[in-house]
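Trainee: Given the sequences, and given the hints that come with them, work out the whole structure.
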Amino acid sequence: MVWLRKRGYTVAVVERWNPHAKIRQDLFGFIDVMAFNGDEILAIQGTNPKDYAGHRAALIEDHTGRIRAWLESGGKLMLVAWRKLAKRNRTNPRQEWYPRFERITLEDLNEF
Numbered sequence: 020m021v022w023l024r025k026r027g028y029t030v031a032v033v034e035r036w037n038p039h040a041k042i043r044q045d046l047f048g049f050i051d052v053m054a055f056n057g058d059e060i061l062a063i064q065g066t067n068p069k070d071y072a073g074h075r076a077a078l079i080e081d082h083t084g085r086i087r088a089w090l091e092s093g094g095k096l097m098l099v100a101w102r103k104l105a106k107r108n109r110t111n112p113r114q115e116w117y118p119r120f121e122r123i124t125l126e127d128l129n130e131f
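Take the position in the sequence shown, starting the count at 1, then add 19; the result is the number in our numbering.
Nothing false has been slipped in among the hints.
For each label pair, taking beta carbons as the anchor points, the in silico distance ranges come out as:
{"#": "1", "residue 1": "D45", "residue 2": "R119", "range": "18 to 26 Å"}
{"#": "2", "residue 1": "A88", "residue 2": "A31", "range": "17 to 25 Å"}
{"#": "3", "residue 1": "E80", "residue 2": "G27", "range": "31 to 39 Å"}
Derived DSS-like pairs (lysine-lysine); straight-line CA-CA distance at most 27 Å:
{"#": "4", "residue 1": "K103", "residue 2": "K25"}
{"#": "5", "residue 1": "K95", "residue 2": "K25"}
{"#": "6", "residue 1": "K69", "residue 2": "K95"}
If you are wondering where the hints come from, they were derived from the structure by calculation, not from laboratory data.
No experiment lies behind these values; they were computed from the predicted model shown.
In this text, a Cβ means the ideal position worked out from N, Cα and C, and glycines have one as well.
Mentor: As structure tokens, this is what we get:
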């Protein structure tokens, strides 16, 4: 979220914990974070690097049709995974986060 805010986006988490079902629920079943900047509206699905391929496949399969409707209405969808990499400098043992992101488009949905 900090990464998006530094790029001028207004950002909000829309994924919620459902205490009755004891699961996390994404907005519309596929959105963890929403962001907008001017006339651009982003839906973001976050994951870890190990689950990236599975999340991508699930988004592209789009069993509910909601992702297609989102994209056809002009919304944009990004799949983002963050990984922590250690700097190779002995004097600075800090680790930094690096994103891997991919924009999911209607063409991606048509591949399936």
